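Q: What follows is the residue order along each chain.
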Amino acid sequence: MFILVAGFAATDIWRFLGVYLGGKLSEDSDLLVLVRTMATALVAAVIGNLIVFPGGALGHTSLALRIAAAALGFVAYLVWGKRMVVGIAAAEFLLLAGLHLNF
Amino acid sequence: MSTWTSDATVPRSTWFLRGVRAAFSLPGLILISSFIGFAALAKGAGVTATQAAFMTGTVWALPSMVVLVGAIASGAALPAAMFAVTLSAIRLMPMVMALVPEMRTGKTRQRVLYLLAHFVAVTSWVLAMERLKRVPPHMRTTYYAGLGGTLVTTNIIVVTVVYAVADALPSAVSAALLMLTPMYFLTSLWGSARERVGHVAMVLGLVLGPVFHIVLPQIDLLVAGLIGGTSAYGWHLWRRKARAA
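Protein sequences appear in the order of chains P and F.
Counting along the first sequence from 1, when you hit position 39 you're at 39 in our numbering, and nothing is skipped either side.
Counting along the second sequence from 1, when you hit position 118 you're at 118 in our numbering, and nothing is skipped either side.
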């Protein structure tokens, strides 16, 4: 029930509004820019928390290793033409290498 | 595309199957890997396999699902959880708004579009915006139904399977799985930002999230989103003014 209200209803309302408004509202309108920046910052906050305060097995690794793996993975993503696979694989490789070397 | 005329005679079921096949492309496989990460995350937070599978089918947007799991884990109240999830899902609206004109023809029923809109999330959207151009207009809803339906179904299965095997994994593998979700978000969010201001908002959110997690743990994401987003927007306005002057 919690999932239905807080999850399903909270996400699909935007999808339905999107169909309804499709073509009526300009993509570049100022209001949409603000809405997009807030949504982007919120999701980025989720990413930050997942790296700085992770749960489970990742929580037992060191903070420095997680940040270094994520940051270098991101740099690899940027350098190799914004290919997601490169970024993800590089971060995973660094994390596993670091764990193996007991960082 | 040059193959258009011959494709016009291809039956509807073939277009559906072509949509299904598009789900097993590189972005589709990356999505599967991040759902593996999500399942590991949800299990660690004490969410049951049924709840996680149900969430995958109904919510179908990874960032919102991660926010929801975080809310459940921290024992947030329903209104706070709903507000945070609502905010995290706003970006779906402009995505749907951009996709609908691609699929709509004179004969498309509105009901079909509302139904298909549920499949919209980053991966299916990126794939659709890239490939729908090569699908004859009256077959596009069918193609997208095949693509979106397959992505949802596959990942519900993935989540269920990971729950079954997660306990047997060595801790280094579990740690690596948990790292998949943030890296997937980090790269896809950066890539999908349309303007510079999106990147500014992202960097602010990355820093403010952990800061407010310490200062205001109950509403950290909301505050980080509101403050980070508004500041980035302010920067956007200031820069526009500076340019005009």
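It is possible that some hints are incorrect.
[To be verified] Partner residues aside, some chain F positions facing chain P, computed with beta carbon under 7 Å:
#	residue
1	Val20
2	Ser25
3	Gly28
4	Met97
[What the hints assert, rightly or not] Beta-carbon label-pair distances, calculated as ranges:
#	chain 1	residue 1	chain 2	residue 2	range
5	P	Ala97	F	Arg240	40 to 50 Å
6	P	Val85	F	Val165	36 to 46 Å
7	P	Ala71	F	Arg240	48 to 58 Å
8	P	Asn102	F	Ala168	15 to 25 Å
9	P	Ser62	F	Val112	44 to 54 Å
[Claimed, not checked] If you want the ones that stay clear, here's a sample from chain F, every Cβ over 10 Å from chain P, calculated:
#	residue
10	Arg12
11	Ala49
12	Arg239
Since the hints were derived computationally from the structure, they do not count as laboratory data.
Bear in mind the structure is a predicted one, so any value in this text is a computation, not a measurement.
We put the beta carbon where it would ideally sit given N, CA and C, even for glycine.
Q: Does each hint fit the structure? Answer for all of them.
A: Here's how the hints hold up against the structure:
1. Val20: violated (21 Å)
2. Ser25: violated (12 Å)
3. Gly28: At 12 Å from the nearest chain P Cβ, Gly28(F) fails the 7 Å test, so the hint is violated.
4. Met97: For Met97(F), the interface hint holds, since the closest Cβ of chain P sits about 5 Å away, which is under 7 Å.
5. Ala97(P) - Arg240(F): 40 to 50 Å: Holds: the Cβ-Cβ distance is about 44 Å, inside 40 to 50 Å.
6. Val85(P) - Val165(F): 36 to 46 Å: Once the Cβ atoms are compared, 24 Å apart, the range 36 to 46 Å for Val165(F) and Val85(P) is violated.
7. Ala71(P) - Arg240(F): 48 to 58 Å: Roughly 30 Å apart at Cβ, these two residues miss the hinted range, so it is violated.
8. Asn102(P) - Ala168(F): 15 to 25 Å: Taking Cβ atoms as reference, Asn102(P) and Ala168(F) lie about 23 Å apart, which means the hint holds.
9. Ser62(P) - Val112(F): 44 to 54 Å: holds (51 Å)
10. Arg12: holds (22 Å)
11. Ala49: holds (13 Å)
12. Arg239: holds (12 Å)
In the structure shown, a violation is registered for the earlier hints numbered 1, 2, 3, 6 and 7, in ascending order.
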